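Both chains are sitting in their own frames, so use the hints and assemble them into the complex.
Protein chains in written order, with the numbering used here: chain A, 1 to 291; chain B, 1001 to 1345.
Bear in mind the hints are in silico, worked out from the structure with no lab data behind them.
Just to be clear, a hint being listed does not mean it is correct.
[Claimed, not checked] One-sided excerpt, in silico: chain A residues whose CB lies under 10 Å from chain B:
#1 GLY57
#2 GLU60
#3 PRO183
#4 LEU185
#5 ALA190
#6 GLU192
#7 GLY193
#8 ALA194
#9 ARG202
#10 VAL203
#11 LEU207
As the structure is a computational prediction, the values presented were derived from the model and not from experiment.
We put the beta carbon where it would ideally sit given N, CA and C, even for glycine.
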Amino acid sequence: MIRLSAQVHGWLLLLPAMVLLAAFTHYPAAATLLHSFFSTPKGERPAVWVGLDNYQGMVEDPVFWQALTNNLWFALGTIPVSIGLAMLMAVWVNGKLAGRGFLRMAYFTPTVLPMIAVANIWLFFYTPTYGLLEQVTGAFGLPSHNWLGTQNTVLGCLIVVTIWKEAGFFMIFYLAALQAIPPALAEAAAIEGAGRWYFFRRVVFPLLMPTTLFVLINAVINSFRLVEHIIVMTKGGPDNASALLLYYIYEVGFKFWDSAYASTLTVVLLAILASAAIAQFVFLEKRTHYQ
Amino acid sequence: MSAIRLQEVTKAWGEARAVDSVSFETAAGRFAVLLGPSGCGKSTTLRLIAGLEQVTAGRVLIAGQDVTSLAPAARRISMVFQSYALFPHLSVAENILFGLKVRGVPAAEQEKRLKRVADLLGIAKLLERKPSQISGGQQQRVALGRAIIAEASVCLMDEPLSNLDAQLRHEMRREIRSLQQELGMTMIYVTHDQTEAMSMADQVVLMKEGRIIQNASPAELYARPVSAFAARFIGTPPMNVVSLPSITGEGLLLGIRPEHIRLDDGRNKGKGVAAQVDAVEYLGADSLVTCRVGAEILTVRLPGQVELKRSSEARLAWDPEAVHLFDAASGLRVERETHTVVLTT
Ligand SMILES: Nc1ncnc2c1ncn2[C@@H]1O[C@H](COP(=O)(O)OP(=O)(O)OP(=O)(O)O)[C@@H](O)[C@H]1O
Ligand SMILES: [Mg+2]
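Looking at chain B on its own, in the form it has when it is part of the complex (with noise of 0.2 Å):
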């Protein structure tokens, strides 16, 4: 049984359809991720499973139980706010502790779990503060607290860690992880940041102006991206979606990731795709060198320092299985083997 399940969800204000029939299910324990560009009903599926928000047509099941018109609170569900809502008049235990006064939780119990959520989040000594005299990243910690208290099964997250800056993101997102496997919630997770969902995600769905593109794990979003957008979604930098019809023949896209393609030295000349070099980004444990072929732009992404002049020739190379086609017309992947294009290397 899923943990949660959706079911042709569909939100709609006026004309506006900010969630067009979406349908996915999470199984329980599992870490999912709404991920999309902004504005594409990332927040709004959220708050349709939370129940902050009606649905305009399709059904919402929360442990194979129709909870679409259950109130917030009927349905078991903890969920952590992009601005934490914290409550700045109350102290960071009263915080953690308002859903469990709210109903009418003994006191000695309240009071271990208490104890316990302060102790995984390492805030047991912030209890008395208030919300403004601790930092973001502790306010954070608090807001997870207050969620993971109530011991809900499933906890919803609207990108959590946006306020906080990258090194507190890195930590927080293994701890998040972490938490979560520990304590076995189903997670919903909404970010816009791609390596976020890959880094955390069991399971990551792909969203854009309101529909689900792709509903796969990290690993089969990388290596089998359903359309040029998704391709073009995934990956730092992402992979290079360009038309280039003297390789791939007419009506085709070809997809090649930067950290797949090689710089041809120039001992088998003639060979590879003659390229010229516009800029080189040193990253440190590797390089960005962009280069132009015809009139189309490639990041390639090579290990260490390179050494490569602007405006200098390069032959680029990369081996047959990395290549990913797209119908140019519809975006969507063409699959290889149907395909009869000699491709070079």
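Next comes chain A alone, as it looks inside the complex (with noise of 0.2 Å):
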């Protein structure tokens, strides 16, 4: 009797959480798959079960191919880089520097700032004629080049805002991780006669290998997530160079309004990201260290 009671205190006290994570996460992707197997309803149109035709049309659509292929350039440019810089910026930081504090909260700026404010800063930096970029370059006799404009610029100048904005961000993980780590340790290194490399490679990148893995999966969760640099930057231009998978999705659902197709798309999306993140655990997890 009073097991039972305490049985439906515990979900009485789930509930609230249950039915937020239910009503907006669950039951979403769950209509999301459906609707990948509907038409789009039009007007007077319901939509009616269309099987898997939604998924031959992604298949023949090359504005899907180009995205998702600029969607793995993207990736691949801003995530090895950004965590590398971030591993950087946080042993540098975290060792006796003066006005580390000052580092510490510029190099974490730009994850403060709204992606949005961001991304009008860059615009003004990649600016023909008169952009920052444009001016440097121009200082030095360079013909002038528009960034943003150009086919096989675009998807670059896009990465390096990412990298920018990320980097900082994991920063903060790889920050925390390096203080968790006892001083007592380097202590120990150093009076073994290791040099500042050889405890980096033995000691640290080890101990802050379940930080990588962290930052690792949101960091492929953001490539595939970023959206609103491109809507103010680029809308996917030009000729679909900078579109990524998300933007085509919120160009289907929202300028296009076909909902089916977007769903198709999302559910492709989240194919991918699970998969990512089901293998970066599986194989990761051997080479980690748990303390």
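This is the structure:
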């Protein structure tokens, strides 16, 4: 009797969180999957079951493939560099350094700024003729270049913005992990004659592995999730050269109002993210030390 | 030539002097203990010897060589940390071999030394485990192993036993001592536990507020403490240092160890010091009796179990040779011979 009421109590306490989770996470995910098998309702015409037609259409859609390829390059360009940079900055800022409090804050600032504001700042940097980048290259007598308006530089420009934004954020995690490493380890290593690099390689880097795994998953998810800076800076252009998957979903869903196809693309996006997370856990678990 | 020598070593952080012109030396193969209350600068002194902190003033010499400005690795020392500082992601074997790998010792040699050290410390079965998978006492042994495998002639230890339970601490005390003698290492060992210091050391350096109070053998420290502070720090329970002008005259403190006080059975009435029993604490082999003499409290250590009631009267007696005298103002030792006061016995 008492056990039963305790059980009921427990479930009641869980209820608000469960309702929110179900209403805003689980239901939309399930509904998305369902919608991807129906046609888009238009005016009088209700949605009808179309089976895998939407997926068929997707496979034949060149813009989808371009967005996916762009996204892969974008992920490859941003993830290793921003993680490496974050680790480097964290190790540097963690040391005995004058004004390190200021440095930590400076590195973290990009993360605090809203992405729209960040995108606007960088938009100015990249502006043709009078943008900051143009003025610098112009001073060296280099020819003028429309950085965001050219197909083969636009993705690179977005990658730089993203690295700038993410590295500071990831650095905070590395900094926290570094602070959790007892200073006595460094002292013990110093007495044994280990240099800074040896100590980093043999001790610090392995001890940071759990953080790296966490950051890596976040970085992968972020690389498929960032959309604001594209909306502000390029709108996916020129000629879809900077369209990433999520931006394409946004276009299909809210510009072309093709909700069924948008659902189909979303299912693909979710599948990519889920498999990335699973793969990382499975492969990195073995080589990761958890204390 | 002394293995370790400190000359007027000072370490200051801002105004505060953690170590204040400390000088002492230790001969090769000796076991020296830095002893003192919490915050007296023991760890800082040890870290200055190791090179983990830079001296503000003074010189540190190891084996006759001035190492004051050398990096820790160049000082050819080994060290055991209070927290053990084992690398949590490396196996026991890799932890022990860490230093040899850094120095590029050949693999065959590593293997040989690892086997010897593991056998010596009885951890041969644990070599593949991670530090989190072994007990505190075993971690302690691994830390010791990492320190002795380098075969450095000087070993520094900072409260290596403070995380262990009483039983294990006792065991490890003997083990460390015999290890040190077997390997002929020069040891500087930090502790705030006087029992540990007395039972292990050849030489005890007693510190207080960054300064050395007394640097002597355990026997000397017990028999002739140089000040009331040193007297109160050594012994279980420590020496009674009380103000009894009726016995010593004005301006002096009387020091008498609990184990040197007898209880007069009243046959020779009128002798001894009248006291009132406050409490009796039975410890097995002996009992501690807390007595009140005037406003002062004295602890008496008597063999076996004693039948004494609370608030009963007792008479305390002791031999004149057992008495220590200290200057009431400075706390410094006053020699009995130079003093003419007749002591009650
Ligand atoms: N990095 C530091 N900065 C400033 N003051 C310090 C620093 N390290 C130690 N001190 C001070 O120096 C004094 C001596 O410290 P130390 O650690 O040597 O004491 P200890 O004798 O080892 O004490 P314990 O038995 O508690 O370990 C203390 O007052 C401490 O506050
Ligand atoms: Mg200490």
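Hints versus structure:
Checking A:GLY57 against chain B by beta carbon gives a least distance of about 50 Å; that is not within 10 Å, so the hint is violated. Because the beta carbon of A:GLU60 sits about 50 Å from the nearest beta carbon in chain B, more than 10 Å, this interface hint is broken. Interface hint at A:PRO183: satisfied, since its Cβ lies 9 Å from the closest Cβ of chain B, which is below the 10 Å cut-off. For A:LEU185, the interface hint holds, the least distance from its beta-carbon to any beta-carbon of chain B being 5 Å, beneath 10 Å.
The beta carbon of A:ALA190 comes within 5 Å of a beta carbon in chain B, closer than 10 Å, and the hint placing it at the interface holds. Look at A:GLU192: its Cβ gets to within about 3 Å of chain B, closer than 10 Å, so that hint holds up. At about 4 Å, the closest approach between the beta carbon of A:GLY193 and any beta carbon in chain B falls short of 10 Å, and the interface hint on this residue holds. A least Cβ separation of about 5 Å between A:ALA194 and chain B falls short of the 10 Å threshold, and the interface hint therefore holds.
Restraint check, A:ARG202 versus chain B: the minimum CB separation of about 8 Å is within 10 Å; hint holds. Residue-level restraint check for A:VAL203 holds (minimum Cβ-Cβ distance to chain B is 6 Å; threshold 10 Å). Residue-level restraint check for A:LEU207 holds (minimum Cβ-Cβ distance to chain B is 6 Å; threshold 10 Å).
The earlier numbered hints that this structure contradicts are 1 and 2.
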